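Please build the complete structure, drawing on both the sequences and the hints.
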Amino acid sequence: QKEVEQNSGPLSVPEGAIASLNCTYSDRGSQSFFWYRQYSGKSPELIMSIYSNGDKEDGRFTAQLNKASQYVSLLIRDSQPSDSATYLCAVLNMEYGNKLVFGAGTILRVKS
Amino acid sequence: EAGVAQSPRYKIIEKRQSVAFWCNPISGHATLYWYQQILGQGPKLLIQFQNNGVVDDSQLPKDRFSAERLKGVDSTLKIQPAKLEDSAVYLCASSRRRTGIEGELFFGEGSRLTVL
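Residue numbers (my numbering), protein chains in the order written: chain A, 1 to 112; chain B, 1 to 116.
These are calculated hints, taken from the structure and not from any lab test. Model, not experiment: these values are computed from the prediction. Treat the hints with care, since some could be wrong.
[Said to hold, decoys possible] Pairs of lysine-lysine residues, derived as BS3-like cross-links and limited to a Cα-Cα distance of at most 25 Å, are as follows:
#1 B/LYS71 / A/LYS99
#2 B/LYS44 / A/LYS99
#3 B/LYS71 / A/LYS42
#4 A/LYS111 / A/LYS42
#5 A/LYS42 / B/LYS11
#6 A/LYS67 / B/LYS71
#7 B/LYS11 / B/LYS44
#8 B/LYS83 / B/LYS15
#9 A/LYS42 / B/LYS44
#10 A/LYS99 / B/LYS15
#11 A/LYS99 / B/LYS62
[What the hints assert, rightly or not] Among chain B residues calculated to face chain A with C-beta under 7 Å, some are:
#12 ASP56
#13 GLN59
#14 GLY103
By construction, the Cβ of each residue, glycine as well, lies at the ideal position given by its N, Cα and C atoms.
So, in structure tokens, the structure goes:
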């Protein structure tokens with residue numbers, strides 16, 4: 001079982017819609033969760049972090065965490081063509097030397 | 001603030017040849033990471049340094065890969081001899097660790113390696 005799993009996509013949504021990206025992780029000891037965005041040919045950049053159960057909102061982005069279900073999600077409201085990218089879920093487990101483990105990423109395509 | 005610098009951006013070599021990548025992290029960042037990203041996959045951690053000490057190198061293929069971070073600043077990742085499956089983008093990242101957000105990594109542009 002992979003440590004961090006994501007649907008590879010592509011996920012296609014129309015402009016203005018809500019994009020929902022999901023991620024599951026295997027290690028119950030994981031404590032911190034991150035979403036990185038990676039444009040084609042570019043490096044990942046951090047867009048959201050979440051540490052406790054519930055929702056965390058930042059502009060058009062909302063991260064959701066459910067530790068009991070080992071599930072993290074990212075919602076993008078009012079999706080724009082500029083949101084088209086690969087979204088990488090990353091999980092940090094401090095018991096294993098603070099190693100940040102990435103999922104394979106979900107490709108998001110926002111169509112205008 | 002200057003970002004993470006990496007060089008070269010692109011490198012094409014034949015299998016069994018050697019290659020070296022260089023990284024200069026953001027000034028003041030104590031932790032430096034080398035990740036390997038194969039096309040269509042997420043970044044995989046190869047090695048993590050805290051200052052000039054190794055924190056994690058469990059996924060570094062030590063028979064062919066080596067890395068060093070002298071004086072706790074810049075770092076070099078070497079592959080010798082290269083295999084076809086080493087074709088990937090090698091990403092260097094740094095983080096503040098003690099004073100910043102754990103897990104907030106700042107990535108360089110990456111070094112794209114093609115092994116023929």
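Status of the hints after comparison with the structure:
| no. | hint | in the structure |
| --- | --- | --- |
| 1 | B/LYS71 / A/LYS99 | 22 Å, holds |
| 2 | B/LYS44 / A/LYS99 | 10 Å, holds |
| 3 | B/LYS71 / A/LYS42 | 29 Å, violated |
| 4 | A/LYS111 / A/LYS42 | 21 Å, holds |
| 5 | A/LYS42 / B/LYS11 | 16 Å, holds |
| 6 | A/LYS67 / B/LYS71 | 40 Å, violated |
| 7 | B/LYS11 / B/LYS44 | 20 Å, holds |
| 8 | B/LYS83 / B/LYS15 | 5 Å, holds |
| 9 | A/LYS42 / B/LYS44 | 16 Å, holds |
| 10 | A/LYS99 / B/LYS15 | 30 Å, violated |
| 11 | A/LYS99 / B/LYS62 | 18 Å, holds |
| 12 | ASP56 | 5 Å, holds |
| 13 | GLN59 | 9 Å, violated |
| 14 | GLY103 | 4 Å, holds |
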